[in-house]
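Asker: Listed here are the chains, written in short residue letters.
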Amino acid sequence: MNEIIIAILRSGTPLIYVTLAGVIAQRAGVWNLGLEGLMIMGACATIVGIMLTNSIVAAILIAILICVLASVLLWFVIDRLKANPIIAGLGLTGLGLGGTALAVQSIFGSQASVTAPFGIPKLGPAFGAYGVLSIAVAAMPFVVFGMWVMLRRTRFGLRLAACGEHPFAARSVGANPSRMRLVALAIGGVLCAIGGAELAAGSLQFFAQGMTAGRGFMAFAAVIFGASHPVGATFAALFFAVVGALGIRAQLMFGDKIPHDLLQALPYLATVFGVWLSGKLRGGAKAASSFAELKDQ
Amino acid sequence: MKDSLVTVARSLIFVAFALILCALVFQFAGYNAPVMLWAVADGAFLRSGAIEQSLRWALPLFITAVGVGISFRAGFFNIGAQGQFYVGAICAAFAAEAFKGGPAFLVIPALIIAGTLGGALWALWPGLLRLRSGTDEVITTLMGNFMAGLLLVYVTSGPLKDPSGSGQQASSRPLDAAYRISDSLGISPTTIAIGAAVGILMWLLVNRTAFGVLASLAGRNGTMVEWQGARLWKLGLSSFIISGALAGLAGTIEFMGPNGRIASGFLPAHGFTAILIALVANLSVVGTAAAAVFFGGLASAALYLPIMAGLPAAAIDIINAAIALFITARSKLVDQVLRLGGRPS
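Those protein sequence lines, which keep their order, are chains A and B. Sequential numbering of the first sequence, starting at 1, is according to the UniProt record's numbering. Sequential numbering of the second sequence, starting at 1, is according to the UniProt record's numbering.
By construction, these hints were calculated from the structure, which means they are not laboratory data. Incorrect hints may have been included.
Each computed SDA-like pair below joins lysine to any residue, with the alpha-carbon atoms no more than 25 angstroms apart [said to hold, decoys possible]:
hint: 1; chain 1: A; residue 1: K82; chain 2: A; residue 2: N176
hint: 2; chain 1: A; residue 1: K122; chain 2: A; residue 2: F206
hint: 3; chain 1: A; residue 1: K257; chain 2: B; residue 2: Q169
hint: 4; chain 1: A; residue 1: K82; chain 2: B; residue 2: A9
Using the sequences provided together with the hints, build the complete structure.
Answerer: Structure follows, in structure tokens:
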């Protein structure tokens, strides 16, 4: 049992950090499909940072810096240049996937995976079987709680929601939606950096090209599934992690009967199901998917 | 006329923005940005034979992008072209197994139909979920891409596995030479004819039929169209099916043409590039053809870069991504400069 919980926490924690980044962006009214790109930038920067500075703190700070810069770029394109957030987010994702491949190639001379000598500190033997988990996993519940307080119980959080839902009204009471979006995306950048760091340097200590494997998009689906509520989205992300862990179990148990490539598709299938269910329950979570603006320009 | 010129100029300005961003990324990664960009242009268009290679890549991109444009026109973010492309190729490959040994003049159309239907089916379920339950199609089609990718891995290492293949990449058994519609180097009269037919049909559909007009109106204001008595869900579902069918057709052409087999993870960025092409072309069919040649050039340069210049092919992904980041951007400042002396927007 312990084993399964550890596996779920391991695969779920990076997803949860990135999901929180999606939640705060969503509250500010930005569909952030750049999560995948931010996450892999965070993962890559952490590993490269460890190799260069020999310090995990410095490495995570580098990752945060890079992810915040990328988030600000996304904000500039969406908010200042009025680009379509979905396409711009996909662009940022592509930039992250391609940029990290290029960075690894140029720094290490090959595109093979990079192994770092150490990662995020572990909890240690005091926690028994759970000692193998990194401190980022232990910090996760507090971050989720802090996020809930910030988004639902502070003036900033309520203003943020107002800016996301009705920027016009928010402006009339003195909030600045554009600046709010910038702050939300920057906080999201920090969270994505931590999520990426946990993915690459949490239980493992290596970076491979495309190692996020769609987790950023899954995190985005968790935001929709969880109605962009920090706790709801966290549980949605955990649900995806549970399905993923069960899929791995199933591969071990029925690997000879059911092809494992198809079992690997379970989390994606669960995502579709989750988004369908949240649409059923709440009457549809639709993208602002109109190209009217593009065509009427 | 002036308006469309402004649109073209704006696209070019933001593509230039994107190239500057790429140059920064390249420089930051320790490459010489001007050399790198020159190598891309050289590999895409300037070398001898580069144009043919660019057209070979442009053709499937064009067919997929026209389909993406149809669904975008109707207001649906079908970003699942990659999955539909894969499923189309997979269905054609299964059909090729089933019809093995039949006369070519029957088998070739059958394979094309199978692939087209496969792509349409892979677009049908997100379309139904969207139009029947309001499930967001961005996520369902995106997840469909991942699932189709895994399905491709499964069929190429399972049912369709080529036992003689090398361990590097799982691939299907090669298609019989009799059923191929082009050689492995590139384009053939058959593939060009298919591309031209698709282009003409889609141009007629978009510009000369009630469906095309209603679908574009629905993309702008669905409620209005519904009030005027059009069946919004029929329009929407048809646009999903058409876009999926065209992506599936492109997959089939790739399978029956230059590739001759399907391999796990082939052309992984195809769908994304097709979306870009549709957007760069502002969803117009003619513009799509022009943009497809440009991006086809980039795709052919991606193969040339690692061999000739020792540069990673990821450079092309970065250029594509940067263009995606900027392509839907609209800046008041840029517009004002472009419209200098023109009427205010």
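Asker: All hints, please: hold or fail.
Answerer: Evaluated hints:
1. K82(A) to N176(A): holds, 16 angstroms
2. K122(A) to F206(A): holds, 16 angstroms
3. K257(A) to Q169(B): It holds: about 23 angstroms lies between the C-alpha atoms, which stays within 25 angstroms.
4. K82(A) to A9(B): Judged against 25 angstroms, a Cα distance of about 17 angstroms means the pair holds.
The structure agrees with every numbered hint stated previously.
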